[in-house]
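Student: Please take these sequences and the hints and turn them into a complete structure.
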Amino acid sequence: MSDLKFPEHQPDSTVRRRLLRAGTAIGAWIIVRPAMAASEDLASAVRAYTGGAAALPGKVKLDVATLVDNGNTVPVTITVDSAMSAADHVTRIALFNEKNPQRDMIRFTLGPRAGKAEVSSRMRLATSQKLVAIAQTSDGRFWSDSIDVIVTLAACIEGDV
Amino acid sequence: MKKIRPSQRRAGGIVLMMLAAAMLAPVLAASSAETGQNQAEAKDSRRSGFEFMGASTQAMQLNEALNPGMLWVKDGEALWGRAMGKSQLSCASCHGDAAGMRGVAARYPAFDEELKRPIGLSQRIKLCHVNRQQAEPWRPENQELLSLEAYLAYQSRGLPMAPAADARLKPFIASGLQRFRQRIGQLDLSCAQCHEERAGQRLGSSLIPQAHPTGYPVYRLEWQGLGSLQRRLRGCMNGVRAEPFAYDSQELAELELYLTVRARGMSMEGVGVRP
Amino acid sequence: MASTVINVPAKARRGEVMEIRTLIRHPMETGFRPGADGRIQPRDIIQRFSCHYNGEQVFGAELFSAVAANPYIAFYTLATESGTLSFHWEGDHGFTQTETVKITVID
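Heads up: the protein sequence lines correspond to chains A, B and C, in order.
For the first sequence, the residue numbers in the numbering used here are 1 to 161.
For the second sequence, the residue numbers in the numbering used here are 162 to 436.
For the third sequence, the residue numbers in the numbering used here are 437 to 543.
What the hints contain is simulated information worked out from the structure, not anything from laboratory work.
Since this is a predicted model, take the numbers as computed values, not measurements.
Just to be clear, a hint being listed does not mean it is correct.
A short, non-exhaustive set of chain B residues, derived as facing chain A with CB atoms under 10 Å [to be verified]:
id: 1; residue: 217
id: 2; residue: 221
id: 3; residue: 229
id: 4; residue: 301
id: 5; residue: 302
id: 6; residue: 363
id: 7; residue: 365
id: 8; residue: 366
id: 9; residue: 369
id: 10; residue: 383
id: 11; residue: 400
id: 12; residue: 401
id: 13; residue: 436
Calculated lysine to aspartate or glutamate pairs in the EDC-like style (CA-CA distance at most 16 Å, straight line) [claimed, not checked]:
id: 14; chain 1: A; residue 1: 99; chain 2: A; residue 2: 148
id: 15; chain 1: C; residue 1: 538; chain 2: C; residue 2: 492
id: 16; chain 1: B; residue 1: 235; chain 2: C; residue 2: 535
id: 17; chain 1: A; residue 1: 116; chain 2: C; residue 2: 455
id: 18; chain 1: A; residue 1: 59; chain 2: A; residue 2: 88
id: 19; chain 1: A; residue 1: 116; chain 2: C; residue 2: 452
id: 20; chain 1: A; residue 1: 116; chain 2: A; residue 2: 81
id: 21; chain 1: A; residue 1: 61; chain 2: A; residue 2: 81
id: 22; chain 1: A; residue 1: 116; chain 2: A; residue 2: 88
Rough simulated footprint, nothing fancy, chain B against chain A, three-plus residues with beta-carbon under 8 Å [what the hints assert, rightly or not]:
id: 23; segment: 66-78
id: 24; segment: 152-160
Positions of the beta carbon are idealized from the N, C-alpha and C atoms, including for glycine.
Tutor: Shown next, in the form of structure tokens:
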């Protein structure tokens, strides 16, 4: 791999691009691309969702195992403390991440017919990172919770068998 | 991986012998005259890979509403009744209701009269598909084949692994044991070095399980799909940079047989979920 | 037609909150992953999921590449009346699937 001897003062993005091109296909389902591919950062993605409004901490509980068995399939449950009445209920919930190729993961729309503001799914996490859940209640306010998850790659590279 | 020093090798050798003794006790007991007493006294240190997983992965396996493997079981149920091949026979045409197949998955790998060697359940299904249904052979890890395998494993859930005490299997079990201990690949590792000497320790951040095939075919999170024991063994061989044995080869059948005999008596888990 | 596993209580009391759990067979190819030849595999994901209760939508979800293969979605809905729960998935390459389940709501 002698072509990977990079000169001293190359900008970071060039180095990363060369590394990615030279790298072999790996078993991981997601490759984290350089920032040029996913220009939004986490805070911007959340702001875009809330239309600029601040998301207050509270009401929302983001439940993920702190050390996952495998980043390909990570169970996630988001619960929002709400009466779920016609007057006071959760209207939507969204989950964002910090280091996947894309900030968005899943979004839900609910209403008073939900009965309980709890949703579950399974996510792909490219690497250890922060996850943020945002919920909007019928009064228009936004609430948030975040969690740091540790994700490690599988120990063995299997390739295609 | 750290080089194994001579002193470690001696200690490792002793540990290996102790662990092998504990794990082989059921295997040896089954073929000795004093079966009952030996089995009762030998403490069973065998643990399913299930016990090495996190709580949420365990929950994923235990609950049929959560287990992704059930998607294949459902497909298997549909395929069981479907007419296939030139014969236009379905599995049900000969085997009847799938519930009557409870116990079948538990006794594989079994000795095949024609091939004169052990074959696993997936190979048995493949042979039926070609010879009886007169259909085109399935490629390895074909989704229909996996669905049928999952469906049959599901019928045997909760039953103990019980390969037949068939004298004809003995030389193949011995061969399988040898393969289990054989160092292979560029990384020069044997199955035993990880799965007996170092079971419960970590490779990277993953806990090393004991390698009992109680959950196969398994929904593996790493694959994001269902796969067979053969696929898993080939994956491990790739992992140590060895040329993997071919699908349906005698070598893989011997390993599968040895692993099953080594796990004799352990509970089958239906369609397992693994990291 | 992709296989699905849908878990809904067979019977519920009026006003009870029912847990609904769904699984569908789908690779959820992210659109970021290179194949063996080094080229990025085209995206193939389910993008939308909805649940209708006697014709009225009671739950919806928008899925992105981050959702794991064979998507699992679980949520709750109030048992209001007997009838039909209809589940709908749609996504890339014209993927569309609907499953219906009957529920009985008792007083």
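Student: Could you run down the list of hints and mark each one as holding or not?
Tutor: Right, here's what the structure says about each hint:
The beta carbon of residue 217 of chain B is positioned within 10 Å of a beta carbon in chain A (closest approach about 5 Å), and the interface hint is therefore held. With 10 Å as the threshold, the beta carbon of residue 221 of chain B comes within range of chain A, its nearest partner Cβ sitting at about 7 Å, so the hint holds. A least Cβ separation of about 8 Å between residue 229 of chain B and chain A falls short of the 10 Å threshold, and the interface hint therefore holds. Because the closest C-beta pair between residue 301 of chain B and chain A is about 9 Å apart, less than 10 Å, the hint holds.
Against a cut-off of 10 Å between C-beta atoms, the interface hint on residue 302 of chain B holds, since the closest Cβ of chain A lies about 9 Å away. For the restraint placing residue 363 of chain B at the interface with chain A, the shortest Cβ-Cβ distance is roughly 8 Å, inside the 10 Å limit, so the hint holds. Hint status for residue 365 of chain B: holds, given a least beta-carbon distance of 4 Å to chain A, under 10 Å. Nearest Cβ of chain A to the Cβ of residue 366 of chain B: about 4 Å, under the 10 Å cut. The hint holds.
About 8 Å separates the beta-carbon of residue 369 of chain B from the nearest beta-carbon of chain A, less than 10 Å, and the hint is met. Interface restraint check: residue 383 of chain B against chain A, minimum CB-CB distance 5 Å, threshold 10 Å, status holds. Interface restraint check: residue 400 of chain B against chain A, minimum CB-CB distance 3 Å, threshold 10 Å, status holds. Because the smallest distance between the Cβ of residue 401 of chain B and any Cβ of chain A comes to about 8 Å, under 10 Å, the interface hint for this residue holds.
With a cut of 10 Å, the hint placing residue 436 of chain B at the interface with chain A holds, because the nearest CB-to-CB distance is about 4 Å. Between the alpha carbons of residue 99 of chain A and residue 148 of chain A the distance comes to roughly 12 Å, so the proposed pair stays at or under 16 Å and holds. Annotation: proposed proximity of residue 538 of chain C to residue 492 of chain C holds, straight-line Cα distance about 15 Å (limit 16 Å). Distance restraint check for residue 235 of chain B and residue 535 of chain C: the Cα-Cα separation of roughly 15 Å lies within the 16 Å cut-off, and the hinted pair is therefore satisfied.
Between the alpha carbons of residue 116 of chain A and residue 455 of chain C the distance comes to roughly 9 Å, so the proposed pair stays at or under 16 Å and holds. Only pairs whose Cα atoms come within 16 Å are accepted, and residue 59 of chain A paired with residue 88 of chain A is accepted, the gap being roughly 13 Å. Proposed proximity of residue 116 of chain A and residue 452 of chain C is supported: the alpha carbons are some 10 Å apart, at most 16 Å. Of the supplied pair hints, the one linking residue 116 of chain A and residue 81 of chain A holds, its CA atoms being roughly 9 Å apart against a limit of 16 Å.
This hinted pair checks out: residue 61 of chain A and residue 81 of chain A have alpha carbons roughly 8 Å apart, not beyond 16 Å. At roughly 12 Å between alpha-carbon atoms, residue 116 of chain A and residue 88 of chain A fall within 16 Å of each other, so this suggested pair holds. As drawn, the segment 66-78 of chain A meets chain B at 7 residues by the rule of a beta-carbon pair under 8 Å; at three or more, the given contact holds. With a cut-off of 8 Å between beta carbons, the segment 152-160 of chain A has 8 residues touching chain B; three or more are needed, and the interface restraint holds.
In terms of the numbered hints stated before, the structure departs from none.
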